[in-house]
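K.L.:
All chains should be built: construct the whole structure from the sequences, respecting the hints.
There are 2 protein chains.
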Amino acid sequence: MLDRAETDAGSVGAIMDDIGRRARAASRILALSPREQKDAALNAMADAVNAAMPAILEANGEDVAAAQEAGMTAAFLDRLTLNAARIIAMSEGLRAIADLPDPVGDTIAAWERPNGLKIERVRTPLGVIGVIYESRPNVTADAGGLCLKAGNAVILRGGSDSARSSRAIQAALADGLKAAGLPGDAIQIVPVTDRAAVGEMLKGLAGNIDVIVPRGGKSLVARVQDEARVPVFAHLEGLCHVYVDASADLTMAVEVVANSKMRRTGICGSAETLLVDRKVAASHLAPILDALAEKGCEIRASAEVRALYPKAGLADETDFSTEYLDAIISVALVDGVEGAIAHIETYSSHHTEAILAEDEAAVAAFFAGIDSAILLHNASTQFADGGEFGMGGEIGIATGKMHARGPVGVEQLTSFNYRVRGSGQTRP
Amino acid sequence: MLDRAETDAGSVGAIMDDIGRRARAASRILALSPREQKDAALNAMADAVNAAMPAILEANGEDVAAAQEAGMTAAFLDRLTLNAARIIAMSEGLRAIADLPDPVGDTIAAWERPNGLKIERVRTPLGVIGVIYESRPNVTADAGGLCLKAGNAVILRGGSDSARSSRAIQAALADGLKAAGLPGDAIQIVPVTDRAAVGEMLKGLAGNIDVIVPRGGKSLVARVQDEARVPVFAHLEGLCHVYVDASADLTMAVEVVANSKMRRTGICGSAETLLVDRKVAASHLAPILDALAEKGCEIRASAEVRALYPKAGLADETDFSTEYLDAIISVALVDGVEGAIAHIETYSSHHTEAILAEDEAAVAAFFAGIDSAILLHNASTQFADGGEFGMGGEIGIATGKMHARGPVGVEQLTSFNYRVRGSGQTRP
Numbered sequence: 001m002l003d004r005a006e007t008d009a010g011s012v013g014a015i016m017d018d019i020g021r022r023a024r025a026a027s028r029i030l031a032l033s034p035r036e037q038k039d040a041a042l043n044a045m046a047d048a049v050n051a052a053m054p055a056i057l058e059a060n061g062e063d064v065a066a067a068q069e070a071g072m073t074a075a076f077l078d079r080l081t082l083n084a085a086r087i088i089a090m091s092e093g094l095r096a097i098a099d100l101p102d103p104v105g106d107t108i109a110a111w112e113r114p115n116g117l118k119i120e121r122v123r124t125p126l127g128v129i130g131v132i133y134e135s136r137p138n139v140t141a142d143a144g145g146l147c148l149k150a151g152n153a154v155i156l157r158g159g160s161d162s163a164r165s166s167r168a169i170q171a172a173l174a175d176g177l178k179a180a181g182l183p184g185d186a187i188q189i190v191p192v193t194d195r196a197a198v199g200e201m202l203k204g205l206a207g208n209i210d211v212i213v214p215r216g217g218k219s220l221v222a223r224v225q226d227e228a229r230v231p232v233f234a235h236l237e238g239l240c241h242v243y244v245d246a247s248a249d250l251t252m253a254v255e256v257v258a259n260s261k262m263r264r265t266g267i268c269g270s271a272e273t274l275l276v277d278r279k280v281a282a283s284h285l286a287p288i289l290d291a292l293a294e295k296g297c298e299i300r301a302s303a304e305v306r307a308l309y310p311k312a313g314l315a316d317e318t319d320f321s322t323e324y325l326d327a328i329i330s331v332a333l334v335d336g337v338e339g340a341i342a343h344i345e346t347y348s349s350h351h352t353e354a355i356l357a358e359d360e361a362a363v364a365a366f367f368a369g370i371d372s373a374i375l376l377h378n379a380s381t382q383f384a385d386g387g388e389f390g391m392g393g394e395i396g397i398a399t400g401k402m403h404a405r406g407p408v409g410v411e412q413l414t415s416f417n418y419r420v421r422g423s424g425q426t427r428p
Numbered sequence: 001m002l003d004r005a006e007t008d009a010g011s012v013g014a015i016m017d018d019i020g021r022r023a024r025a026a027s028r029i030l031a032l033s034p035r036e037q038k039d040a041a042l043n044a045m046a047d048a049v050n051a052a053m054p055a056i057l058e059a060n061g062e063d064v065a066a067a068q069e070a071g072m073t074a075a076f077l078d079r080l081t082l083n084a085a086r087i088i089a090m091s092e093g094l095r096a097i098a099d100l101p102d103p104v105g106d107t108i109a110a111w112e113r114p115n116g117l118k119i120e121r122v123r124t125p126l127g128v129i130g131v132i133y134e135s136r137p138n139v140t141a142d143a144g145g146l147c148l149k150a151g152n153a154v155i156l157r158g159g160s161d162s163a164r165s166s167r168a169i170q171a172a173l174a175d176g177l178k179a180a181g182l183p184g185d186a187i188q189i190v191p192v193t194d195r196a197a198v199g200e201m202l203k204g205l206a207g208n209i210d211v212i213v214p215r216g217g218k219s220l221v222a223r224v225q226d227e228a229r230v231p232v233f234a235h236l237e238g239l240c241h242v243y244v245d246a247s248a249d250l251t252m253a254v255e256v257v258a259n260s261k262m263r264r265t266g267i268c269g270s271a272e273t274l275l276v277d278r279k280v281a282a283s284h285l286a287p288i289l290d291a292l293a294e295k296g297c298e299i300r301a302s303a304e305v306r307a308l309y310p311k312a313g314l315a316d317e318t319d320f321s322t323e324y325l326d327a328i329i330s331v332a333l334v335d336g337v338e339g340a341i342a343h344i345e346t347y348s349s350h351h352t353e354a355i356l357a358e359d360e361a362a363v364a365a366f367f368a369g370i371d372s373a374i375l376l377h378n379a380s381t382q383f384a385d386g387g388e389f390g391m392g393g394e395i396g397i398a399t400g401k402m403h404a405r406g407p408v409g410v411e412q413l414t415s416f417n418y419r420v421r422g423s424g425q426t427r428p
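So the sequences go chain by chain: A and B. Each step along the first sequence adds one to the number in UniProt numbering, with nothing skipped, and position 303 is 303. Each step along the second sequence adds one to the number in UniProt numbering, with nothing skipped, and position 114 is 114.
These are computed hints drawn from the structure, not numbers from a lab. It should be emphasised that the depicted structure is a prediction, and the values quoted were computed from it without experimental measurement. Glycine included, every Cβ here is placed at the ideal spot set by N, Cα and C. Warning: the hint list may mix true and false statements.
[Stated by the list, open to error] From the derived model, a few chain B residues whose C-beta atoms are all more than 12 Å from chain A:
1. N259
2. A327
3. A384
[As the list claims (entries may be wrong)] One side only, chain B facing chain A, incomplete, derived with CB under 10 Å:
4. R35
5. M402
6. P407
P.N.:
Structure representation (structure tokens):
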């Protein structure tokens, strides 16, 4: 591991260029690798991670000690700390990825032209994926495995606080790749902790990175979105809404709102704002808000909500544009589904929104009128997750409208091309 | 029409921001517009273009006179000049777009989860498309029509030499939109000819442009790709290859190579390099090159090709990385399909490549080993076109690997989202 003292900007550039070139070369080999070989590599990677457990735990112990010395928070230390169970979960995750279908080579569409040309649209790997993450060492294995399954090489740049752990995990992954006859360069980790290395990745390493996936907090994602000169799969925020229509089943609404907000408050799919149809405010607000309060949720409500539910605190305008990621919810009344659409299109981060309604016309209006990655009817916003969608894991959730939107699973890590078969056709 | 003298950077920024906001507002209305209304607008636009023929011809006459005075080339003047037939072709193009299927609302995939959640992936409009083009006034109608069909608003920025013509066409399109009850802002044209306006578009107009499509020569596309902070659908070059395998049918090869190169030499799908399997060089080179030479093609060949075909000129290394867009072809020998793949992966612009072969194993290796947008077997590279693919028109061809690759038709101008229907499911 090189540290800041040993590198300068020029050498970081040279190191990163070399990583990019090696990733591109590896990606060409992966693109031709059959499913059996990729799956054998994933299983060998799982074995290698288990076999390397002592080395990984030792490296992680050093990272944790340094982080403790630096006075990091308990939550930070929890994310950073590995133990035997977490390492086994990582290797089981790799085996689960091996069991997923291989998207590469799938025919997405096929048709024939009047002149006899047979056209197919076929999935291909994207190429090289750059993953920039914070101090969660398990991302090393998750992201490495998902990218490999889709036939892509990956360049990992983990947080400097977890550098020793990530490096030990990556070494095991590279051993697994080589055991299956694939290049270790298919999963590389950036060996320098300079921020300049991230800058080089965001510039695309001279065309050798096809897409960047940031995994971490808002400031990381914001920097990546601001500076990246290559496509980015990301969401900056999950400012998710739940709208309770006048036609909603109240019992269902109480349960789904509580789950949307309180199951886990720190994930991007947790609800941040509750909108209630003004027509049923008198009957519906109290039971829904009581259930939230009972679970320990702080309620910040508009003045008219407080008039009906005085226990609530008063929301200011910033509350409706705040992703709390905490046990807090903002609450407002709206005039039916059109009012809900207007509020959501103003404040939403276009991640996930839910409607609770029995009136199909209201659901249809909500689905047509809101341009978010995931729209749900009568279900919790916490289902916004690749695993819950049946994608077998995700590298993140994207709110952009290009290529991958919503959960980014193995299939979203592919591109496609056209393959045309003729019998000597020339164009008139 | 404002010209450079009447605007400064600040006012350009304000004008462009206003255009962006109006486009976004129009896009929200278009997203909810049913197929019937969009198609009625396309037909009304066609009628309005025909009705405006005198005004369009007058405006075009002024553009052409100014371009003649400025000493522009004959080819430039030909692209710029409109006549009755070209205007009618424009309106017929709009009617043809009305007849295409509407991609918006199509269910791309649907599945059910074990917990009863029903998940659909549904096509949605992209939002606002920015089209930056050179002095081909017909792009105004083509691009406006294709974007509208997919439910998108469009901001058009045409070449300054065709500004009067494009403006007259856009006025007719806006009339057609309004006749069908849609906002005229759905198809706007930038009213200033400052280069700064292009710069503002490339920055994305404060989030109000979702994708940029450049239509024009290499320097325009290069500027857009270098400066754009939003996604771009484009190809910088079409450095297309034809490989003649030892197993090729020689008669077919002679015809397909000649068509790939010489049908039209100025389009992006025309072949620029011919690769011939060394095993059949003695028998195949002469008939293929004779046919090209007979059609007026200049041949620039490697030394070993010249040894077998002395009439050829000598290619230098730059020839194999040059997109001639002219009646010139570079020729080299390669060792079978693996040699062809190695050459193409080194020099290709990843646009379109063809293999001529009867050996299916060679075709399979070529299709798997080359990462270009379009791969053809026993067919001319000149089929690289949305119309020829049955897409009913294209706004361009993309060589990026994200979202749209190959011809960009109506379907590629859409995004998608997930719509999930439940019955009260909460996440455990």
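K.L.:
Since N259(B) was said not to touch the interface, does its Cβ keep a gap of more than 12 Å from each Cβ of chain A?
P.N.:
violated (4 Å)
K.L.:
At 12 Å, judged by beta carbons, does A327(B) keep clear of chain A as stated?
P.N.:
holds (17 Å)
K.L.:
Does A384(B) sit more than 12 Å from chain A, CB to CB?
P.N.:
Per Cβ check, A384(B) is inside 12 Å of chain A; nearest 9 Å; violated.
K.L.:
Can P407(B) be said to touch chain A, with a Cβ gap under 10 Å?
P.N.:
Since the shortest Cβ distance to chain A is 8 Å, the answer is holds.
K.L.:
Is the interface hint for R35(B) satisfied, with its Cβ closer than 10 Å to some Cβ of chain A?
P.N.:
For R35(B), the interface hint is violated, since the closest Cβ of chain A sits about 13 Å away, which is over 10 Å.
K.L.:
Do the numbers back the hint for M402(B), that is, is its least Cβ distance to chain A under 10 Å?
P.N.:
With a minimum Cβ separation of about 4 Å from chain A (threshold 10 Å), the hint on M402(B) holds.
Checked against the numbered hints above, the structure violates hints 1, 3, 4; every other hint is satisfied.
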